[in-house]
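Chemist: One line per chain: the protein sequences are A and B, in this order. Quick note: to get my numbering, add 20 to the position in the first sequence (first position is 1). Quick note: to get my numbering, add 33 to the position in the second sequence (first position is 1).
Keep in mind the hints are simulated off the structure, nothing from the lab. The reader is advised that the hints may include incorrect statements.
[Said to hold, decoys possible] Only pairs whose alpha carbons sit at most 20 Å apart, straight line, appear in this in silico DMTMM-like list of lysine to aspartate or glutamate:
#, chain 1, residue 1, chain 2, residue 2
1, A, Lys358, A, Asp268
2, B, Lys172, B, Glu156
3, B, Lys198, B, Asp96
4, B, Lys184, A, Asp369
5, B, Lys184, A, Glu371
6, B, Lys172, A, Asp168
7, A, Lys29, A, Asp168
8, B, Lys172, A, Asp268
9, B, Lys198, B, Glu156
10, B, Lys228, B, Glu145
[What the hints assert, rightly or not] Looking from chain A toward chain B, a few residues come up when the C-beta cut is under 7 Å (computed):
#, residue
11, Arg76
12, Phe92
13, Val106
14, Trp107
15, Asp108
16, Glu371
17, Ser378
18, Arg379
19, Gly380
20, Ser382
21, Gln384
22, Ala393
23, His396
For glycine and all other residues, C-beta sits at the position ideal for the given N, C-alpha and C.
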Amino acid sequence: MSGTAHATKFLDRVDVASLPGDQEARQSALATFFSTGWPDRKHEAWHYTDLNARMRSFADEALVTRTLRPEFPSVDIPRLVFVDGVWDKNLSSDSLNFLRTRGIPEQKAGSSPIVALNAAITLDGADLKISAGQNAGTILLVSVGSADGLAIAPRHRITLEKGSNLTVIEVIRGAGRYLHVPVTEIDVRDGGTLRHFRLQEESQDSVHVATILATIGESAAYETFTLGVGASLARSEFHVTLGGSGADVQINAAQLLTGTQHGDVTTIVAHDAPGCTSRQTVKSVIDGSARGVFQGRIEVARIAQKTDGYQMNQALLLSDSAEIDSKPELEIFADDVKCSHGAAIGALDPEQIFYLRSRGVSEQEARAILIRAFLHEALEPITDDVARPLFEAAIQSWRWGASG
Amino acid sequence: MLEIKGLRASVGAKEILTGIDLTVPDGEIHAVMGPNGAGKSTLSYILSGRDGYEVTGGAVSFDGADLLVMAPEARAAAGIFLAFQYPIELPGVGNANFIRTAVNAVRRARGETEMDTVTFLKEARNAVKALAMPDDMLKRNVNVGFSGGEKKRNEILQMTLLKPKLALLDETDSGLDIDALRIVAGGVNAARGPKFSALVITHYQRLLDYITPDRVHVLAAGRIVRSGGPELAVELEQHGYGGLEAA
């Protein structure tokens, strides 16, 4: 079946005409989505991630909702909770003042069929605005998926006015066979700093395709880290535009994949102003017959002199059938730039394993110690007191050695 | 007690050990000396259970058990410790955590209770001081950025804390200056006692100036060609290995 045919069947149950907001915009976004349907290997941006193949099993999924009692990290910070893409008042903190997007996306759908799908069917989302100069502390943004056969499409918007600060910790969990396609629009204006930590622990039966659309102003910074352990197929796609001089972005990610999981980190960083820096490090631990993907694209405009761009892809392959695909792309139109990329892919070092075993450590524990050591470096830059322990706990409880 | 009988071993098609007979009773320190390529490191790796060597004949028992069928971690639990000639770096693994994990793995395997962090750190800090190691040695990643001498001292630190029954010191003296040599030898001498034995594998006599062996064995072309008391090491230093092999 073609990507469009699957999509029609799966989305038949969504009555777009009954959704609130600008109907014309929704219908136009829906048409954009249906012009491709679920992207497959024929789409260049999806060459290594065949979403259409994974969605095949979703086509006939009956819609089943379940009542979940979501567990939250027990941290004492204000939280916003979205269940199946809709704000849940009872589960969220009272103290927080924020608006809701209520299904009205601001950004154009662009060329991504998934962003278009989100625009067509989104119901809700957080709209966080931090006023100039404000230090807004930390917010926990929780997403819970709880229904089989559902397409969950929150649209969040985070705007930091000049010189303001915010830390957002996103925790993404769920149970069931659902599709989660969150889109987050980020606007960090001059001198602002947004730290955005994402812990993706989706249901192992779900499909997760997140898109982050960010614009970073002069001397502003966007620092993001994603740890992905869940979902049958997961893709985190970052589109970051460095639009003011001296803007800085750090996109770091780690993914732990096993069984037949597929994990994709895709970044497009556009240096559109001079003197900006971008740093990306993606680390994958891949076991079983799982597959990891890192596509990193750095675009340097003619005006963007003194650009400093760096990306690194490191993967640890724990089995013979594990796979990583790495696609760095540099597109440079300025002449005074420093851009580099690297990849390091390998297995665990038998010498290191023997060293540990010769000290009395079992082979299994030796492997776990070395994998954690590999990931430790990814967590090192995270100094946030709340985010760091959440990530450490998720790594600690990963299914170590689920397949040899 | 370690008993090696007629041990033969190959790497690929090449026979490295051609029939070793060697017994190290409890409480004794034996030196194995020999020229490069004699099979010294092969012997230490086979005793500690490293992959890549094929035992083609003979037997090795440790306290009566067949050592050659045991996994490396089981040998460590039984009390064997190999001080590596080239200690391995473990980026991202803290030294204190590494050693404590090892100590507790061995204690668990022996049916002993695990050591708590406070007790361990106290012991570890004392051992670090005794080995004249920098204070941050426990905080750094295992052997990462260590000088050659620091790596060797770190091996002796692990030995001190793991309290093995039999230590295999593989060229522990190589790359050490005279002060470091004294400190490392001090670590081994401190472990001496009726329940501790060691096989000191070395090319040179100079480590034996500080660790007096009970017996000295000469390994050449994969077998022990001569054994004697500590005076044999002095003789070797004066006349070299050439004369002995000819004899």
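Chemist: Hint by hint, note whether the structure agrees.
Modeler: A quick look at each hint next to the structure:
Of the supplied pair hints, the one linking Lys358 of chain A and Asp268 of chain A holds, its CA atoms being roughly 14 Å apart against a limit of 20 Å. The straight-line distance between the Cα atoms of Lys172 of chain B and Glu156 of chain B is roughly 15 Å, inside the 20 Å bound, and the hint therefore holds. For a cut-off of 20 Å, the pair hint linking Lys198 of chain B to Asp96 of chain B stands: about 10 Å separates their Cα positions. Proximity of Lys184 of chain B to Asp369 of chain A is assessed by CA-CA distance (about 19 Å); at most 20 Å being required, the pair is judged to hold.
A distance of roughly 16 Å separates the Cα atoms of Lys184 of chain B and Glu371 of chain A; the hinted pair therefore holds under the 20 Å criterion. For the given pair, Lys172 of chain B sits about 48 Å from Asp168 of chain A by alpha-carbon distance, which is inconsistent with the 20 Å threshold. Annotation: proposed proximity of Lys29 of chain A to Asp168 of chain A holds, straight-line Cα distance about 15 Å (limit 20 Å). Note on Lys172 of chain B and Asp268 of chain A: the hinted pairing is violated, with a Cα-Cα distance of about 32 Å set against a maximum of 20 Å.
Taken as a hint, the Lys198 of chain B and Glu156 of chain B pair is honoured in the structure, with Cα atoms around 19 Å apart against an allowance of 20 Å. With a C-alpha separation of about 18 Å, the suggested pair Lys228 of chain B and Glu145 of chain B falls inside the 20 Å cut-off, and the hint holds. Below 7 Å, beta-carbon pairs count as interface contacts, and Arg76 of chain A has none with chain B, the closest being about 40 Å; its hint is therefore violated. At about 30 Å, the closest approach between the beta carbon of Phe92 of chain A and any beta carbon in chain B exceeds 7 Å, and the interface hint on this residue is violated.
A hinted interface residue such as Val106 of chain A counts as satisfied when its beta carbon comes closer than 7 Å to some beta carbon of chain B; here the least separation is about 41 Å, so the hint is violated. The criterion of a C-beta within 7 Å of any C-beta in chain B is not met by Trp107 of chain A, whose closest approach is roughly 40 Å, and the hint is violated. For the restraint placing Asp108 of chain A at the interface with chain B, the shortest Cβ-Cβ distance is roughly 39 Å, beyond the 7 Å limit, so the hint is violated. The restraint placing Glu371 of chain A at the interface with chain B holds, with a minimum CB-CB distance near 5 Å, inside the 7 Å limit.
With its C-beta approaching chain B no nearer than about 5 Å, Ser378 of chain A sits inside the 7 Å limit, and its interface hint holds. Interface restraint check for Arg379 of chain A: the shortest CB-CB distance to chain B comes to about 4 Å, inside 7 Å, so the restraint holds. About 4 Å separates the beta-carbon of Gly380 of chain A from the nearest beta-carbon of chain B, less than 7 Å, and the hint is met. Because the closest C-beta pair between Ser382 of chain A and chain B is about 5 Å apart, less than 7 Å, the hint holds.
The interface hint given for Gln384 of chain A is broken, as the beta carbon of that residue sits about 10 Å from the closest beta carbon of chain B, more than 7 Å. Taking 7 Å as the C-beta contact cut-off toward chain B, the hint placing Ala393 of chain A at the interface holds, the least distance being around 3 Å. The beta carbon of His396 of chain A comes within 4 Å of a beta carbon in chain B, closer than 7 Å, and the hint placing it at the interface holds.
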